[in-house]
Amino acid sequence: MNAPLDHNATVESRIEALSDKVDLLLDRQRAMSELVSESGPILTAMMDAGTRGLGEWEERGYFAFGRSTLRLLDRVATSYSSEDVDELGDAVVGILDTVRNLTQSDVLNVANEATDVLHRADALDPVGVVGAIRKSKDEDIQRGLAVMLEVLRTVGKAAQSDSGATPGQRRLASRLAPSGRRAARPVTRSAPRRRPAARSASPAAAGGAPKQAQGGLARWACVTIPGHALDSGGFLVDPQTWNREFAVLMAAEAGIGELTDEHWQVVDAMRAHYLSVGASPNVRKLANLSGLGTKAIYQLFKKAPGSTAARVAGVPKPVGCI
Amino acid sequence: MKNLVILGAGTAGTMMANKLRKVLPRAEWSVTVLDRDADHIYQPGLLLLPFGMYDEADLVRPRSYFLGDGIELRLAPADRVDAEARTVRLKDGESLSYDVLIIATGTRIAPEATQGLCGPGWMETAFDFYTLEGASALQRKLEEWQGGRLVVNVVDMPIKCPVAPLEFLFLADAFFAERGIRDQVELVYATPLDGAFTKPRASAALGDLLEQKGVHLVTEFNTEVVDGVGGKLIGYDEREVPYDLLVTVPLHYGSRLVQRSELGDDSDFVPTHKHTLQSVAHRDIFVLGDATDLPTSKAGSVAHFQAEVLTENILRFIGGRDLAPDFDGHANCFIETGHGKAILIDFNYTTEPLPGRFPLPGIGPFSLLEESYVNHWGKLGFKWMYWNLLLRGEDLPIDHKMVMAGKWS
Numbered sequence: 001m002n003a004p005l006d007h008n009a010t011v012e013s014r015i016e017a018l019s020d021k022v023d024l025l026l027d028r029q030r031a032m033s034e035l036v037s038e039s040g041p042i043l044t045a046m047m048d049a050g051t052r053g054l055g056e057w058e059e060r061g062y063f064a065f066g067r068s069t070l071r072l073l074d075r076v077a078t079s080y081s082s083e084d085v086d087e088l089g090d091a092v093v094g095i096l097d098t099v100r101n102l103t104q105s106d107v108l109n110v111a112n113e114a115t116d117v118l119h120r121a122d123a124l125d126p127v128g129v130v131g132a133i134r135k136s137k138d139e140d141i142q143r144g145l146a147v148m149l150e151v152l153r154t155v156g157k158a159a160q161s162d163s164g165a166t167p168g169q170r171r172l173a174s175r176l177a178p179s180g181r182r183a184a185r186p187v188t189r190s191a192p193r194r195r196p197a198a199r200s201a202s203p204a205a206a207g208g209a210p211k212q213a214q215g216g217l218a219r220w221a222c223v224t225i226p227g228h229a230l231d232s233g234g235f236l237v238d239p240q241t242w243n244r245e246f247a248v249l250m251a252a253e254a255g256i257g258e259l260t261d262e263h264w265q266v267v268d269a270m271r272a273h274y275l276s277v278g279a280s281p282n283v284r285k286l287a288n289l290s291g292l293g294t295k296a297i298y299q300l301f302k303k304a305p306g307s308t309a310a311r312v313a314g315v316p317k318p319v320g321c322i
Numbered sequence: 001m002k003n004l005v006i007l008g009a010g011t012a013g014t015m016m017a018n019k020l021r022k023v024l025p026r027a028e029w030s031v032t033v034l035d036r037d038a039d040h041i042y043q044p045g046l047l048l049l050p051f052g053m054y055d056e057a058d059l060v061r062p063r064s065y066f067l068g069d070g071i072e073l074r075l076a077p078a079d080r081v082d083a084e085a086r087t088v089r090l091k092d093g094e095s096l097s098y099d100v101l102i103i104a105t106g107t108r109i110a111p112e113a114t115q116g117l118c119g120p121g122w123m124e125t126a127f128d129f130y131t132l133e134g135a136s137a138l139q140r141k142l143e144e145w146q147g148g149r150l151v152v153n154v155v156d157m158p159i160k161c162p163v164a165p166l167e168f169l170f171l172a173d174a175f176f177a178e179r180g181i182r183d184q185v186e187l188v189y190a191t192p193l194d195g196a197f198t199k200p201r202a203s204a205a206l207g208d209l210l211e212q213k214g215v216h217l218v219t220e221f222n223t224e225v226v227d228g229v230g231g232k233l234i235g236y237d238e239r240e241v242p243y244d245l246l247v248t249v250p251l252h253y254g255s256r257l258v259q260r261s262e263l264g265d266d267s268d269f270v271p272t273h274k275h276t277l278q279s280v281a282h283r284d285i286f287v288l289g290d291a292t293d294l295p296t297s298k299a300g301s302v303a304h305f306q307a308e309v310l311t312e313n314i315l316r317f318i319g320g321r322d323l324a325p326d327f328d329g330h331a332n333c334f335i336e337t338g339h340g341k342a343i344l345i346d347f348n349y350t351t352e353p354l355p356g357r358f359p360l361p362g363i364g365p366f367s368l369l370e371e372s373y374v375n376h377w378g379k380l381g382f383k384w385m386y387w388n389l390l391l392r393g394e395d396l397p398i399d400h401k402m403v404m405a406g407k408w409s
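Chains as they are written, first to last, in our numbering: chain F, 1 to 322; chain Y, 1 to 409.
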């Protein structure tokens, strides 16, 4: 009799232990689903704020600047080796040294006083060669001359030893020189690595689009109907400016000839649909709306009747979403 | 007790039921969802199914999984809506009365409406990929197909997910390249529109994509007859497009229930106010998702953005307040371009798809109107979001109104 009891007790204790775990699991599950439903609104608010903030950056041009900088970096990386960049780094250090020397207070004082003189230039009397010799007796002028001559000597020496620079330095100098001097350098290396074709700018794509469109769409760019602005596909820009005279003129342009009652039936149905729904009906819908059937629409409006009827009815061309 | 009845437990209906159940007091309102069958299909996956990127089991789950506590799911075919009597009559004779009705019955494809399409060759050399059966049959066909002339054809607009036929072509290009038979396959796109890309910014950015993928374009082609024996499409203008394998997007109509209830237009789509989503004919009927006649894309993202506006508007309607004209036609679609990349587009009634970054300006991580790997990962990751967040009516951190921030206009 003891054995089953023991057994029951074991099962009971196991179930108890298990139920604790189930409770824990359920608790976690509840916490998770709470997290999901709580974080929804928070995320929405964060996205809102983030979108607004980043939108401002976009508007100020931060990202456009960043993208151009990346493109610049890409060009630098493709036309210079890492050695060149290291040398450029040395040069930058040199430039910084120069800037530091130039901005020492005594140098700046000299420069400031020199500019003062320039400001007072009007008040100074002109000096000829004799005058200059006379002025050279002045001690300050003599000191100034000594300084200028020393500077001249240094510049002359540096100019002579330019040939003594390392080949790397000379190459760098030539690269850094104004564009005319390095036009012959193989910078064009970067050309094939430009943007991928998919993002190519409009000229190329604009060339591709009409090719796709076929059907002599280009012809419509030259068609004008007095008093009505047309887009490049021959569709009325503002459907509100449509009138029956326009339809007659457009039908002639589209090669339909005289508009019969059936044509008008289609045109009126098309306009009514556009004005109520805000989208141009397709051929099938037009066939139903006008009550004439698809085949008749083709007979009335010839090739591409959807577009042709839309031109005559002064509504936008039927489009997809992209 | 008042009754809210939703017709259709697809993407739109399921979202609406879950969102409304959270905000309608349980003591006052019952929420009933009606559908004719038990399976919820992840429709974006149907595009990837033919290429073996998903299998059927990935895309089907029971509708009941996604309808939370306090929502009654009725699986029964409906006969018609009697809008005057405010009841939905079921085919078994029972009727459900409603105080507010939401129509979310989506679309049906109608291959039978094109002469010859359902005739010889249907599901042998001519397939659709808008149904589970079509997409699966196509998967089996593509596995063994040795090449030839593959024509993708849109019979007429509107269609669900208007970019899907293009995506199919891009994925086919990559699929056959990977199988090593791309040079044996000719890809043709026959569309009733005047180009694959009809909006200026998209054609500027993507115009040469078809050329890159080696797709031949036949424009303004309106299919009249499919000759399954001779293997060719014949247009109303008597042009012919021959094919070895036809992947067609058949005509789309609204649900037959809408037709029987005389609530739809000539294509059985329900005339709907474009900013409030109230039906034009009846104040207590609201419509969202593919079932509307609105001039925006028929896509899950649209249903999602509509659901947010409609939840608010149903509360307003019940409270006797004016409806908010807040729906702006916002749509957001991934376009798979093959080889692990995709494009993302974001647009509404008045703004065409523009290049930029989404959702965070300058950062993204998604690129608008531009191919990127991240976009493709987003598409793949979306399946989890769909099953676990979107259908359950959770808030996603994407505004239902399109924002211009991040777009380069």
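Be careful, since some hints might not be right.
To be verified - Here are the simulated lysine-lysine pairs, BS3-like style, with alpha carbons at most 30 Å apart: (1) F:Lys295 <-> Y:Lys232; (2) Y:Lys232 <-> F:Lys317; (3) Y:Lys232 <-> Y:Lys160; (4) Y:Lys199 <-> F:Lys295; (5) F:Lys317 <-> Y:Lys160; (6) F:Lys317 <-> Y:Lys274; (7) Y:Lys341 <-> Y:Lys141; (8) F:Lys303 <-> Y:Lys232; (9) F:Lys302 <-> Y:Lys199; (10) F:Lys302 <-> Y:Lys22; (11) F:Lys295 <-> Y:Lys141; (12) F:Lys302 <-> Y:Lys232; (13) Y:Lys401 <-> Y:Lys341; (14) Y:Lys401 <-> F:Lys317; (15) F:Lys303 <-> Y:Lys22; (16) Y:Lys22 <-> Y:Lys274; (17) Y:Lys19 <-> Y:Lys160; (18) Y:Lys160 <-> Y:Lys199; (19) F:Lys303 <-> Y:Lys199.
Stated by the list, open to error - A partial selection of chain Y residues facing chain F, derived with a Cβ cut-off under 10 Å: (20) Tyr236; (21) Pro295; (22) Thr296.
Hints were generated in silico from the structure; no laboratory data involved.
Since this is a predicted model, take the numbers as computed values, not measurements.
The C-beta atom is built at its ideal place from N, Cα and C for all residues, glycine as well.
The hints, checked one at a time:
1. Taken as a hint, the Lys295 of chain F and Lys232 of chain Y pair is honoured in the structure, with Cα atoms around 19 Å apart against an allowance of 30 Å.
2. A distance of roughly 28 Å separates the Cα atoms of Lys232 of chain Y and Lys317 of chain F; the hinted pair therefore holds under the 30 Å criterion.
3. In summary, the hint linking Lys232 of chain Y to Lys160 of chain Y is supported, as the alpha carbons are separated by about 24 Å, within the 30 Å threshold.
4. Of the pairs offered as hints, the one joining Lys199 of chain Y and Lys295 of chain F holds, with about 28 Å between alpha carbons and a cut-off of 30 Å not exceeded.
5. Restraint check for Lys317 of chain F and Lys160 of chain Y: the C-alpha separation of about 20 Å stays at or below 30 Å, so the hint holds.
6. Using a Cα cut-off of 30 Å, the hinted pair Lys317 of chain F and Lys274 of chain Y holds, with the two alpha carbons roughly 20 Å apart.
7. Restraint check for Lys341 of chain Y and Lys141 of chain Y: the C-alpha separation of about 25 Å stays at or below 30 Å, so the hint holds.
8. For the hint pairing Lys303 of chain F with Lys232 of chain Y, the CA-to-CA distance comes to about 19 Å; that is within 30 Å, so the pair holds.
9. A C-alpha spacing of about 24 Å is found between Lys302 of chain F and Lys199 of chain Y, which places the hinted pair at or below 30 Å, so the restraint holds.
10. Distance hint between Lys302 of chain F and Lys22 of chain Y is unfulfilled; the C-alpha atoms sit about 55 Å from each other, more than 30 Å.
11. Straight-line distance between C-alpha atoms of Lys295 of chain F and Lys141 of chain Y comes to about 34 Å, which puts the hinted pair past the 30 Å bound.
12. For a cut-off of 30 Å, the pair hint linking Lys302 of chain F to Lys232 of chain Y stands: about 22 Å separates their Cα positions.
13. A distance of roughly 27 Å separates the Cα atoms of Lys401 of chain Y and Lys341 of chain Y; the hinted pair therefore holds under the 30 Å criterion.
14. As the CA atoms of Lys401 of chain Y and Lys317 of chain F are separated by approximately 26 Å, the hinted pair is consistent with the 30 Å bound.
15. A distance of roughly 54 Å separates the Cα atoms of Lys303 of chain F and Lys22 of chain Y; the hinted pair therefore is violated under the 30 Å criterion.
16. For a cut-off of 30 Å, the pair hint linking Lys22 of chain Y to Lys274 of chain Y stands: about 25 Å separates their Cα positions.
17. Among the hinted pairs, Lys19 of chain Y with Lys160 of chain Y is consistent with the structure: their alpha-carbon atoms are about 24 Å apart, no more than 30 Å.
18. With a CA separation close to 18 Å, the supplied pair Lys160 of chain Y and Lys199 of chain Y stays within the 30 Å bound.
19. In summary, the hint linking Lys303 of chain F to Lys199 of chain Y is supported, as the alpha carbons are separated by about 22 Å, within the 30 Å threshold.
20. Nearest Cβ of chain F to the Cβ of Tyr236 of chain Y: about 4 Å, under the 10 Å cut. The hint holds.
21. Contact between Pro295 of chain Y and chain F, as hinted, is supported at the beta carbon level, the nearest pair being about 3 Å apart and thus within 10 Å.
22. Hint status for Thr296 of chain Y relative to chain F: holds, with the closest Cβ pair at about 8 Å, below 10 Å.
Of the hints listed earlier, those the structure fails to meet are numbers 10, 11 and 15, in rising order.
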